[in-house]
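Got chain S sorted already, so can you dock chain L onto it with the hints?
Respectively, the protein sequence lines represent chains S and L. Residues in the first sequence are numbered from 8 upward in steps of one, following the numbering used here. Residues in the second sequence are numbered from 8 upward in steps of one, following the numbering used here.
Mixed in with the good hints there might be a few duds.
All copies of an identical chain are treated as equivalent in the list; a pair is satisfied when it fits inside any one copy or across any two copies.
To be verified - The calculated lysine-lysine pairs, modelled on DSSO-like cross-linking and capped at a C-alpha distance of 30 Å, are: (1) K284 <-> K163; (2) K137 <-> K268; (3) K90 <-> K231; (4) K323 <-> K269; (5) K268 <-> K42; (6) K312 <-> K323; (7) K323 <-> K42; (8) K42 <-> K269.
It should be emphasised that the hints constitute simulated quantities derived from the structure, not laboratory data.
Protein chains: 2
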Amino acid sequence: MADLINLTRGNPDPAAFPIQALVRCSEENLKRDGKVVLQYGHAPGYAPLREWFARQYAVKPANIFMGNSSLEILNFLTQIELKPGTRAFVESPSYDRANTLLRRSGAEVVGIPMEADGMNLAIFEKELQKGPPALAYVVADFQNPMGTTTSEAKRKQVAAWAQQYGFWIAEDAPYRQLRYHGQAVPTIMSFAPDRVLHMSSLSKVLAPGVRMGYVVAPEAVVEKLVRYALDTYIGPVLTAQGMVYEYLCTGALEPNIEKLKKLYGPRLDGALASLDKYLPGTIIARPEGGYFVSITLPQGNSMDKLLARAEGVGLKLSDGRGFYLTPADGDRFLRIPFCQIAPDEMEEAIRRLAGILD
Amino acid sequence: MADLINLTRGNPDPAAFPIQALVRCSEENLKRDGKVVLQYGHAPGYAPLREWFARQYAVKPANIFMGNSSLEILNFLTQIELKPGTRAFVESPSYDRANTLLRRSGAEVVGIPMEADGMNLAIFEKELQKGPPALAYVVADFQNPMGTTTSEAKRKQVAAWAQQYGFWIAEDAPYRQLRYHGQAVPTIMSFAPDRVLHMSSLSKVLAPGVRMGYVVAPEAVVEKLVRYALDTYIGPVLTAQGMVYEYLCTGALEPNIEKLKKLYGPRLDGALASLDKYLPGTIIARPEGGYFVSITLPQGNSMDKLLARAEGVGLKLSDGRGFYLTPADGDRFLRIPFCQIAPDEMEEAIRRLAGILD
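Pulled out of the complex, with its shape left as it was, chain S reads as follows (with noise of 0.2 Å):
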């Protein structure tokens, strides 16, 4: 059998981690703030680091939370402000492990029908008039799983049915300043500051071990999650965030995404190649940046049959029902990753997925 390309989760391409850099600001770190970050303490983050994104999002340091990933970050979200009565709104297909957070907080979880430029607003609505959600949980540039990214005026209208109703918009950002063609588009928070909750983290920029996930909110979302990070977890993992800080004061992470993109940038591009040859038609929509493109299989074609013949071929996929409230609306629904894929293994990747579809 063929050596095995693994297309299954979202993962930065190990060599691209700046080791050197985060051995020299660990110790950095450790050797000017020892005492404060090996103890307990800073549970809304490392306090120089909450400045930092502060300044970075021009709002208050009261305005910023950080926590050990933004999905856990989410987590605390959902069990603060969903509980079984409540509805929470959610891009279907949505990225799996938000879809199992959403529901975990006992939440009636309604999938909203992606297209190309986002959600189908006809559909939001209609699901508003039956009772608006407490939470719509967002991923509106280059999203996961889909690629997609939401047009300006979706995000303004979403944004105006949040103050309308008054609901909060997780409005989850992680591949935003990974766009490799085309301009950015302003994110729902620019429209209603005070109904989003903008959460982004370093897992696709710099490093997901470290865990550095953060959220821009209202103060009073911030001091929500403050009580319960600390009912939780006391603080979150500070050496972590101080090995971050000192990097981020380097002022290495720009040049570190402009280097992700000439990486990543010809991947996205080589795997559209691939699938306009060997698979014409089947791209949902054309990716401008982030980790995924996700294609609809021909008609004829199934899960089922899909994973099957897979391992046959050397090839690991993720099951596209994952990403679905109703399963059975993903059976043709595939997400692919390409950061972690060199292009020649891309094409050969796809070359094995379009010989084992009917």
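What follows is chain L alone, placed relative to chain S:
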């Protein structure tokens, strides 16, 4: 006003953090295994560290789960094992944050009154007959907040009941290795390994800022924890666990614990001597280790009066009511953490305390 003396949280003395050693360990781990610890993965905790703890406790790696603090592991356990309609038993008084987490689960939380050698077992048994708990939370060694050690006989009895009635004992043992006097008592786990979730951390014996908590538990429980962790944060903060792993591999932990015993033991002795001198007869049980000694205020005193007066003499105290499910039960209970306070400062603190009591 005199310099403030803070007798609230149980923090280690930051002067004892082995900062230089941790700088080297962080460098060593990032250089050798950076592509792993900076990537996603290892939901049960950094694999080599998991193996290290497995050897330490003579169990399989599948019996070890490590997270970003033992408190958060307790949170996971309560979320997995408790729900409205179940019961949880807890020592009364107990660790305030544990009480909060147990209650967050929605379970009925029942406090079992503490005595100088552990819980009152007559009351434990009566509550068992009313309805066994799903989980009992116990700090058997140098209890937080009392400083007491549960006797071997009581450990055996509680372990036997856990097997008979089929409930989990969460045995939280972060202070266990810090014994300054007397002989170690066998863990509750040693009497019922199939029913005990033995939790500990490196917060008291190395540094809290790395948030390295772990639990030794039956495989089926570890599997549930891994699933829950994966869904909550994907994996713990691996850079911190990598640094800790290198530290443990150097064999430095045992000497560090010996160093801490030499530092903290005399502080315990000094605190006891000062209490004997200024507040004779108030110590509830003379601790043989750990971080805390506790006293019962003489009759006629109350928390409201005490806390109002403490400020005026430069004392910051923990409200004793916070350790009880029924706050009024702690109206004359005072926890005194001694590890972060130099002996002469502690004598001054106790002198001030005696001066404001009725």
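* **Hints breached by this structure** => Violated: hints 1 and 2.
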